[in-house]
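*Asks:* Use the sequences and the hints to build the structure in full.
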Amino acid sequence: MAVAVREGCSIAIRNVHKTYQSQSGGDVQALAGISFGVEPGEFVSIVGASGCGKSTLLRIIGALESPTGGDVLIDGSRVSGPRRDIGIVFQDPTLLPWRDVIRNAMIGVEILGLDQTTYRKRAMELVRLVGLEGFEKQYPNELSGGMQQRAALVRALLHEPKLLLLDEPFGALDALTRETMGLELLRVWEANRTSIVFVTHSVLESLFLSDRVVVFSARPGRVVTIIDVDLPRPRRLDMLGSPEVGAMANQIRGLLGAQVVS
Amino acid sequence: MSTDAIAPTRPAPPTNPVTGRRSFLPSRRFLMLLVVLVAFFAIWEAGVHFTGTYEIILPKPSSIFKALVVGFSAPVTSRANYLYHAQQSFSQILAGYAVGSSLGLLLASLSVRFPILEYLMRPFIVAINSMPKIALAPVLIIWFGLGFNSKFVLVILATFFPLFVNGVTGFRSVEEGPLRLMRSFGATPRQIFTKLTFPTALPFIFAGLEIGMVHAITSGIAAEFLGGQRGLGTMMLINQQVLDVPGMFSVLLILAFIGWLMSVIIRTARRRVVYWAPETRATRTIVGVARGRSQML
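Here the protein sequences line up with chains A and B, keeping their order.
Quick note on this note's numbering: the first sequence kicks off at 1 and runs consecutively.
Quick note on this note's numbering: the second sequence kicks off at 1 and runs consecutively.
Note that these hints are calculated values from the structure, not bench results.
In this text, all values refer to a predicted model and were calculated from it rather than measured experimentally.
Watch out, some of these pointers could steer you wrong.
Simulated crosslink set (DSSO-like; lysine-lysine; CA at most 30 Å straight-line) [stated by the list, open to error]:
| no. | chain 1 | residue 1 | chain 2 | residue 2 |
| --- | --- | --- | --- | --- |
| 1 | A | Lys121 | B | Lys195 |
| 2 | A | Lys137 | A | Lys121 |
| 3 | B | Lys195 | A | Lys137 |
Pair by pair, the computed Cβ-Cβ distance ranges are [stated by the list, open to error]:
| no. | chain 1 | residue 1 | chain 2 | residue 2 | range |
| --- | --- | --- | --- | --- | --- |
| 4 | B | Ser173 | A | Thr177 | 45 to 55 Å |
| 5 | A | Arg78 | B | Met131 | 48 to 58 Å |
| 6 | B | Leu261 | A | Leu176 | 47 to 57 Å |
Beta carbons: idealized from backbone N, C-alpha and C, even for Gly.
*Replies:* Below, the structure is given as structure tokens:
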């Protein structure tokens with residue numbers, strides 16, 4: 001995997017376990033010993049059935065939850081609290097209704113106490129990059145779902161994170177918007193040189209976007225296999241029709257299917 | 001601005017989306033309203049005049065108007081002037097409202113921050129809130145006298161609860177998603193409060209402010225009925241004792257005006273501050289007023 005030198009950070013996930021206490025008192029194991037790594041500037045997707053703990057792992061990397069076992073290293077240091085070099089996009093855009101697009105994007109910059117004028121300029125550029133130009137002053141309820149998620153992407157990128165965590169960001173969008181958003185995400189990624197961990201339950205989406213696809217088993221989540229996606233970049237939608245992609249997709253579906261049955 | 005020679009076409013009157021019928025033009029509608037109002041007062045005036053009804057039962061509109069004029073034209077410092085009384089009632093209500101609302105919000109934010117505090121306060125809150133606040137007036141008059149202070153304290157009590165209850169509900173209505181977003185940037189509790197919790201609660205707070213204002217006016221005036229030396233409620237009692245019914249009606253008009261003015265101010269402020277939240281059924285004034293009244297009585 002010849003990955004161009006990027007400014008993203010490396011991640012090492014080492015034997016991460018997560019067990020929840022269920023409401024009835026029993027233990028629910030969400031993650032059972034997850035280990036894999038992400039190279040600087042690499043685009044890695046995690047696919048798996050719903051409830052397999054892939055979102056949990058993402059929240060653990062982002063320090064929004066702590067693992068019950070194992071640890072996560074980012075650039076060699078153990079994750080112990082929220083880091084300013086991470087940007088997160090959730091499945092729900094979670095824009096604040098009283099802020100317009102730009103001010104929503106600026107929330108992280110405000111919290112982190114970064115220079116407002118510098119980052120306002122950058123926000124304008126990012127807004128243009130994701131195709132929201134002209135909507136800077138609109139409020140969330142005036143935007144479509146896809147536009148809201150674009151604004152959330154700007155918010156996640158604004159403080160120049162070295163790692164972008166995306167938790168099924170296009171899950172609530174229609175199929176067409178979803179493809180466009182995927183293309184735009186790749187474009188933004190080329191321009192911003194971050195590492196990306198992308199959680200999805202769409203096999204084709206994961207193949208289209210990533211350098212590597214990590215396939216999770218059903219609960220408790222385990223890494224079943226990791227697939228290298230040797231497609232040239234920049235990616236084009238017509239690549240999804242190639243026999244290579246078809247074969248990889250079948251392999252992943254086979255693994256996921258086998259898991260569902262067992 | 002267009003310099004076209006073509007005359008602008010008049011906009012077609014809006015049509016009712018349900019019946020498909022044309023609605024009336026605003027100017028035309030207003031004219032109709034004016035006619036109805038004039039007719040109403042004319043029939044009232046003529047009715048009282050021709051049936052020979054005593055004015056101590058139902059005064060003529062003209063007598064009420066006369067009482068208003070007399071009330072406002074007396075020397076400003078004299079007890080006969082309405083302004084002298086209005087000023088007293090108004091300051092009691094506003095001061096109590098400001099202090100009561102602030103206390104309610106402050107305690108609401110504290111009890112959301114420290115749940116143990118809310119647990120410990122709950123029996124007291126429930127006990128005082130279950131009491132009709134006006135029933136406390138006789139006690140408060142013994143404690144604080146017949147003047148400003150007893151009414152001030154009663155209005156504080158009456159406005160505290162709507163703001164406390166709505167504040168707690170509002171502060172608690174923050175959802176998990178936005179909270180997670182704030183935490184992902186490592187926001188401090190203070191940042192979470194100012195950037196997320198408080199704005200989220202604002203629509204609830206404004207609903208509380210509207211209900212609180214109704215409580216404030218009602219309890220402020222009612223307390224004056226139970227003992228006072230100055231104020232619009234006192235004015236009502238004085239007029240009642242001398243059977244000056246036109247005078248009583250004129251005071252009622254002033255009270256209606258104050259109530260209307262305050263609700264307009266709060267609603268305007270709400271539209272400015274909570275511009276993102278559409279007025280919902282739950283926060284609409286009319287419901288707030290109805291709820292406020294039923295709790296008061």
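*Asks:* Give a verdict on every hint.
*Replies:* Cross-check of the supplied hints:
1. A:Lys121 x B:Lys195: 22 Å, holds
2. A:Lys137 x A:Lys121: At roughly 14 Å apart (the allowed maximum being 30 Å), A:Lys121 and A:Lys137 satisfy the hint.
3. B:Lys195 x A:Lys137: 19 Å, holds
4. B:Ser173 x A:Thr177: 45 to 55 Å: At 30 Å between Cβs, range violated.
5. A:Arg78 x B:Met131: 48 to 58 Å: 57 Å, holds
6. B:Leu261 x A:Leu176: 47 to 57 Å: Since the Cβ atoms of B:Leu261 and A:Leu176 sit about 53 Å apart, the hinted range of 47 to 57 Å holds.
Hint check: a violation occurs at hint 4 only; the rest are consistent with the structure.
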